[in-house]
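Take the sequences, apply the hints, and build the full model.
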Amino acid sequence: MVTFEYIDTFDYAPASVFALLTDLEARTSWIQGLIEVRVTPAGPAHLGTSYYEVGKFSGFKSEKTMSVTEFEQDRMLVLTTPDGASNPFRESYLIEPLSAGSCRLTITVEVGNVPKVAEFFMRQEMKKSQPQNAESLKSLLTSRAQQASSSEY
Numbered sequence: 001m002v003t004f005e006y007i008d009t010f011d012y013a014p015a016s017v018f019a020l021l022t023d024l025e026a027r028t029s030w031i032q033g034l035i036e037v038r039v040t041p042a043g044p045a046h047l048g049t050s051y052y053e054v055g056k057f058s059g060f061k062s063e064k065t066m067s068v069t070e071f072e073q074d075r076m077l078v079l080t081t082p083d084g085a086s087n088p089f090r091e092s093y094l095i096e097p098l099s100a101g102s103c104r105l106t107i108t109v110e111v112g113n114v115p116k117v118a119e120f121f122m123r124q125e126m127k128k129s130q131p132q133n134a135e136s137l138k139s140l141l142t143s144r145a146q147q148a149s150s151s152e153y
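Taking full-length UniProt numbering, the leading residue of the sequence shown gets 1, the next gets one more, and so forth.
Since the hints were made in silico from the structure, they are not lab data. In this text, a Cβ means the ideal position worked out from N, Cα and C, and glycines have one as well. Just to be clear, a hint being listed does not mean it is correct.
Claimed, not checked - Across the chosen pairs, the derived CB separations fall in these ranges:
#1 Ser149 to Phe121: 37 to 45 Å
#2 Glu110 to Ser149: 35 to 43 Å
#3 Thr28 to Phe121: 33 to 41 Å
#4 Arg123 to Thr28: 37 to 45 Å
#5 Arg75 to Glu110: 15 to 23 Å
#6 Ser149 to Asp83: 42 to 50 Å
#7 Pro82 to Ser151: 34 to 42 Å
What the hints assert, rightly or not - 30 Å max Cα-Cα, derived DSS-like pairs, lysine-lysine:
#8 Lys61 to Lys128
#9 Lys128 to Lys116
#10 Lys128 to Lys64
#11 Lys128 to Lys56
#12 Lys128 to Lys138
#13 Lys127 to Lys56
What follows is the structure in C-alpha cells.
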C-alpha cells in the first residue's frame, strides 16, 4: 500500500467540518477531478453507507465503490473498498478539536497495487491536490456558514 497523508487546520467547529465530510454528495464541490458520485442511502454518511465515485486524476479515469467502514460522530470517517478489490483504497478523515471553533484535519489515503513507476506520479499529484482540496473544503464551509447565518434573519 502507498500512503499519502495531509494535515491542515480549519477555523471551523469540528462538527461543521464533519458535517461537510459526511455529505458525500458534496465531494464533487471540493475534490478536484471527481465527475460523479452516488450515495446509498441518500443523506449524511454513517456506518455502512455505500459510496460510488467516478473521477479523472492525472489523465486516468478512476471508478470505485467504497463503504463507510469506520465512523465516530464529529471525529472520524473512513471509506474503504471491499475486501478483495483489485485496487484496494482506503480514505480516512480524522478531526482533532483545537478549540470550540477550530480543529485539525488529518486526511490519509492508502492505495494498493500501485505499480512502482506510477507511485512517483501519484505522490506528486497528491502533494499538489491535497492542499487545493483542503482550500476548496474551507471555501465550501465558509459559504455554508454564510448561508446559515443569512437564513437566520
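Status of each hint after checking the structure:
Take Ser149 and Phe121: their Cβ atoms lie about 42 Å apart, and the range 37 to 45 Å holds. One distance hint, 35 to 43 Å for the beta-carbon pair Glu110 and Ser149, holds here, with the actual separation near 37 Å. Between Thr28 and Phe121 the CB atoms are about 23 Å apart, so this pair departs from the stated range of 33 to 41 Å. Remark: the range hint 37 to 45 Å for Arg123 to Thr28 is contradicted by a beta-carbon distance near 24 Å.
About 19 Å separates the C-beta atoms of Arg75 and Glu110, a value consistent with the hinted range of 15 to 23 Å. About 44 Å separates the C-beta atoms of Ser149 and Asp83, a value consistent with the hinted range of 42 to 50 Å. Between Pro82 and Ser151 the beta carbon distance is about 40 Å. The supplied range of 34 to 42 Å therefore holds. Note on Lys61 and Lys128: the hinted pairing holds, with a Cα-Cα distance of about 18 Å set against a maximum of 30 Å.
Under the criterion of a C-alpha separation no larger than 30 Å, the hint pairing Lys128 with Lys116 is consistent with the structure, at around 20 Å. At roughly 22 Å between alpha-carbon atoms, Lys128 and Lys64 fall within 30 Å of each other, so this suggested pair holds. Our distance criterion of 30 Å between C-alpha atoms is met by Lys128 and Lys56, whose separation comes to about 15 Å. The suggested pairing of Lys128 with Lys138 holds, with an alpha-carbon distance near 16 Å, which does not exceed 30 Å.
Between Lys127 and Lys56 the CA atoms are separated by roughly 17 Å; this keeps the pair inside 30 Å, and the hint holds.
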